[in-house]
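Asker: Chains as they are written, first to last, in the numbering used here: chain A, 291 to 421; chain B, 291 to 421; chain C, 291 to 421; chain D, 291 to 421; chain E, 291 to 421; chain F, 291 to 421.
For the record, the hints were derived by calculation from the structure and aren't laboratory data.
When chains are identical, the list treats them as one kind, so a pair holds in a single copy or across two.
Calculated cross-link-like contacts (lysine to aspartate or glutamate; reagent style DMTMM-like; alpha-carbon spacing at most 25 Å):
#1 Lys312 to Asp299
#2 Lys293 to Glu418
#3 Lys293 to Asp319
#4 Lys415 to Glu310
#5 Lys293 to Glu369
#6 Lys415 to Asp319
Number of protein chains: 6
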Amino acid sequence: MPKLVQYADAPAEVRAVYDEIKAARGIPDVTNFWKAIANHPPTLRRTWDSLRDVMGPGALDPLTKELLYLAVSAANGCEYCTASHTASARSKGMTREMLGEVIAIVGMAAETNRLAETWRVPLDKFYEQLP
Amino acid sequence: MPKLVQYADAPAEVRAVYDEIKAARGIPDVTNFWKAIANHPPTLRRTWDSLRDVMGPGALDPLTKELLYLAVSAANGCEYCTASHTASARSKGMTREMLGEVIAIVGMAAETNRLAETWRVPLDKFYEQLP
Amino acid sequence: MPKLVQYADAPAEVRAVYDEIKAARGIPDVTNFWKAIANHPPTLRRTWDSLRDVMGPGALDPLTKELLYLAVSAANGCEYCTASHTASARSKGMTREMLGEVIAIVGMAAETNRLAETWRVPLDKFYEQLP
Amino acid sequence: MPKLVQYADAPAEVRAVYDEIKAARGIPDVTNFWKAIANHPPTLRRTWDSLRDVMGPGALDPLTKELLYLAVSAANGCEYCTASHTASARSKGMTREMLGEVIAIVGMAAETNRLAETWRVPLDKFYEQLP
Amino acid sequence: MPKLVQYADAPAEVRAVYDEIKAARGIPDVTNFWKAIANHPPTLRRTWDSLRDVMGPGALDPLTKELLYLAVSAANGCEYCTASHTASARSKGMTREMLGEVIAIVGMAAETNRLAETWRVPLDKFYEQLP
Amino acid sequence: MPKLVQYADAPAEVRAVYDEIKAARGIPDVTNFWKAIANHPPTLRRTWDSLRDVMGPGALDPLTKELLYLAVSAANGCEYCTASHTASARSKGMTREMLGEVIAIVGMAAETNRLAETWRVPLDKFYEQLP
Numbered sequence: 291m292p293k294l295v296q297y298a299d300a301p302a303e304v305r306a307v308y309d310e311i312k313a314a315r316g317i318p319d320v321t322n323f324w325k326a327i328a329n330h331p332p333t334l335r336r337t338w339d340s341l342r343d344v345m346g347p348g349a350l351d352p353l354t355k356e357l358l359y360l361a362v363s364a365a366n367g368c369e370y371c372t373a374s375h376t377a378s379a380r381s382k383g384m385t386r387e388m389l390g391e392v393i394a395i396v397g398m399a400a401e402t403n404r405l406a407e408t409w410r411v412p413l414d415k416f417y418e419q420l421p
Numbered sequence: 291m292p293k294l295v296q297y298a299d300a301p302a303e304v305r306a307v308y309d310e311i312k313a314a315r316g317i318p319d320v321t322n323f324w325k326a327i328a329n330h331p332p333t334l335r336r337t338w339d340s341l342r343d344v345m346g347p348g349a350l351d352p353l354t355k356e357l358l359y360l361a362v363s364a365a366n367g368c369e370y371c372t373a374s375h376t377a378s379a380r381s382k383g384m385t386r387e388m389l390g391e392v393i394a395i396v397g398m399a400a401e402t403n404r405l406a407e408t409w410r411v412p413l414d415k416f417y418e419q420l421p
Numbered sequence: 291m292p293k294l295v296q297y298a299d300a301p302a303e304v305r306a307v308y309d310e311i312k313a314a315r316g317i318p319d320v321t322n323f324w325k326a327i328a329n330h331p332p333t334l335r336r337t338w339d340s341l342r343d344v345m346g347p348g349a350l351d352p353l354t355k356e357l358l359y360l361a362v363s364a365a366n367g368c369e370y371c372t373a374s375h376t377a378s379a380r381s382k383g384m385t386r387e388m389l390g391e392v393i394a395i396v397g398m399a400a401e402t403n404r405l406a407e408t409w410r411v412p413l414d415k416f417y418e419q420l421p
Numbered sequence: 291m292p293k294l295v296q297y298a299d300a301p302a303e304v305r306a307v308y309d310e311i312k313a314a315r316g317i318p319d320v321t322n323f324w325k326a327i328a329n330h331p332p333t334l335r336r337t338w339d340s341l342r343d344v345m346g347p348g349a350l351d352p353l354t355k356e357l358l359y360l361a362v363s364a365a366n367g368c369e370y371c372t373a374s375h376t377a378s379a380r381s382k383g384m385t386r387e388m389l390g391e392v393i394a395i396v397g398m399a400a401e402t403n404r405l406a407e408t409w410r411v412p413l414d415k416f417y418e419q420l421p
Numbered sequence: 291m292p293k294l295v296q297y298a299d300a301p302a303e304v305r306a307v308y309d310e311i312k313a314a315r316g317i318p319d320v321t322n323f324w325k326a327i328a329n330h331p332p333t334l335r336r337t338w339d340s341l342r343d344v345m346g347p348g349a350l351d352p353l354t355k356e357l358l359y360l361a362v363s364a365a366n367g368c369e370y371c372t373a374s375h376t377a378s379a380r381s382k383g384m385t386r387e388m389l390g391e392v393i394a395i396v397g398m399a400a401e402t403n404r405l406a407e408t409w410r411v412p413l414d415k416f417y418e419q420l421p
Numbered sequence: 291m292p293k294l295v296q297y298a299d300a301p302a303e304v305r306a307v308y309d310e311i312k313a314a315r316g317i318p319d320v321t322n323f324w325k326a327i328a329n330h331p332p333t334l335r336r337t338w339d340s341l342r343d344v345m346g347p348g349a350l351d352p353l354t355k356e357l358l359y360l361a362v363s364a365a366n367g368c369e370y371c372t373a374s375h376t377a378s379a380r381s382k383g384m385t386r387e388m389l390g391e392v393i394a395i396v397g398m399a400a401e402t403n404r405l406a407e408t409w410r411v412p413l414d415k416f417y418e419q420l421p
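Just chain A, with the same shape it has in the complex (with noise of 0.2 Å):
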C-alpha cells in the first residue's frame, strides 16, 4: 500500500486541491485516490483539473457521464476505479437495473470487439469517413 497523504500532513499545494475537491463534492475527506496520487503533487493538481473539466456540465448528462466512466474502467479492469464510479454514479441516480445492463454492455462489448478484431472485419465503405 502506498503512504496515503493525509490532510493533516500535507504541504500546501495538496491541501489546496484537497479543499477544492471537498468543497466540489460537499464531502469532509478525500477518498484514498487522491490520498496516493497526492505523493506527486504536479499529478495531483493536473488530474484534479481535467477531471472537473471532463465530468463538468456538457452535451452528456452528469449520470450518463458516470456510467461511461463506469464501464470504461470495467473495460480496463480497473478494480478501485469500477467501485469509486459505481458509488459516483449511484449518487446520480443509478439503479441496480441500469448497473446490470451497464455490465451486461461491458461484456458483450468485449466479446464483439475480439470477434470483429479475429475475424479481421475489413471497415464498410460508409464508416470509412468516422468517426
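Since chain A is already given, all that's left is putting chains B, C, D, E and F on it; use the hints.
Answerer: Below, chains B, C, D, E and F alone, put in the same frame as chain A:
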C-alpha cells in the same frame, strides 16, 4: 481479409439470421461484421441473439446503450466496433459535441485507471460492499 | 514499415538464425516477423531460441500448442501474430470448424472475464490453492 | 464483494438456471461466478446458454476447449477465470506439465505479440487472405 | 479517417493551441494527432497543457521521458503514438541500438507480467509497503 | 497461491538457476516470482537467461532499463511486477520524484494512446518509414 459470406451464397441457417437483422434494423444488407462471423454459423446465431437482448429496451435508453458500447469498444481498441457503434449512436441522436465528450472520458478514464492501479490505491471502506 | 533485413543484406549472426529457422521449418525464406526483429540481433536470437523451446515437443501436441498461441494472440489483438499462427495451425491440421470454435472461445472468454472482474467475484474456497 | 445470490434467496428464474448448471456439471451448488452475475438475471441466463454452446461438443475436444479458455483468461489477466478454468481443465485431464506449457505459451505469445506490433511487421503476402 | 482540422479552417481557440505547439516545438505545422483531437477543442487544450507539464523538465531527462512514453505506447499497442514518440526520441538522441533494447524490454516485460499474474505470485513481504 | 518451490525442496535443475540468480544479485534467497515459475523448470531457466540478456549492459544504462520495465509493467497492470521493479529501480538510484514522473507518463500515455486510436489518427507521411 476473411471470406465475407454474402446473402446469395449463404446456407439457410445464415440467411435466417441475416433476415432477422435486416428486418430489425430496417436495412437492405447486413454489415461486414455479420458476414465475417457467419463463417461460423453457431457464433452468428448466438451473437445476434445476445446483442438483441443486451441492446434491447431496458432501464437504459437506446442512445445511452450505444454510447456505452462505443466507449467500451474504444477502450478496447477495436477499430471496427468503434466505427460501427459511432454510426449507430449517430443514428440514435449522438451529436459531434457528445462524441467529443465520450472520447474525452475514454481518455481520462484510461489515465486515472493507470494512476489508481500503479499507486496501488486501497479500496476505501465505504466501497468494499460494491458493486 | 520497418526495414526488413533480407538474407542477402544480413550480418553473419543474423544469417545463422535465418538458416536455423529455414532448416527447422523447411522453408526457403523466413517471414517478415523475423526480418523485422532482426533489426536487433540479440532479440532475434533470443526469440528464436525461446520459441523453439516453448513450441517444441512436450506434454501438449503441436496442433494444441498452435491453437493456444493463436487464441492468445487473438486475445491480445495482434493482427500479424493471429494471421501467422492461423497459418501454422492450418499446416498442423486445424480445420475451419476448429477455427470457428477457437474464435468463439476467444470471444466468450473475453466476455466472462469482464463479467467476473466487474462483479468482483470472490474466489471460491476450493480455488484458493491454485494453480 | 458483491451480494452473492444464494439458491435459497433466489427468484424462480435464477433457480431455474442454477438447477441446469448443477445438473449439467453434477455439482451440489453453483460457484461464486454464477451467484454474482445472478444479480442481473438476464445476464445469468444468457451467459449460461452461451457457455453451454461454446464449450459443448464440437470439432475440438473438451480438454482442448478448457485449455484455450484458461489461456485466454490468463492473457486477459482475469484471476477468477484463470483459477476456475484451471480447475475445470484439471478435472478434464490437464496435468501439471501441461499447465506449465500452457502458461509458457501465454507468456511467450505476449512477448512476440508486442515485438510484432512494435516493429510494425507488415503482413506477408501469403497471410493476406486469412483467416 | 477523421476530419483533420487544418490551421486555415480552425476557430480561434484551436489556432491558439496550434501556435503554442508550433512555437514550443519549432515546427511549421502540428501533426495529425493534434489536428484530430482538435475536433473537440476542450480536449485539445487540456491535452496540450498536460503533455507540456508531464514531459517538461523534471527529475528525468527529456530523452528518458520519451523512451518511457514510447515503451508505454508500444505496450498499449498504439501504432500512431509509438511512431510519433519514436520520432521524438530519435530527435532527442535515441540510437537504433537503444530502440532495439527498448523494444526488447517491452516484449520481455509483457512475458514476465503474464507469468507473474498467471502463476498468481504473492507479493514478497518486503514489497508490501511499495510504491 | 501457487506452490512456491523453496531451495530446500528444489530439484537440481532449479537449484542451479536459483544459485545463478542469487550470485548475480547478491541476495540470500530468490523472490517469490522465481519460486512460482520454478513449477515449470524449462520456463524458469528460459526466463532467467532472457532477463539477464535483456537487462544486461547495453546502450541504455541499468536505471533506465529498470524505469522502462517498471513503466511497461504498470501499463500492463501487473501488480507484482510493478512492485518488484519499483524496488529494483530504487536500488539503482530512482528517487521518489522520478517515480512520480514515471507514473505520470504511464497515465498520460494511456490517455493519448486512447485519443489517438479512437479518433483514428492517420500516420503523418514522415512517420511511415518508422521504426
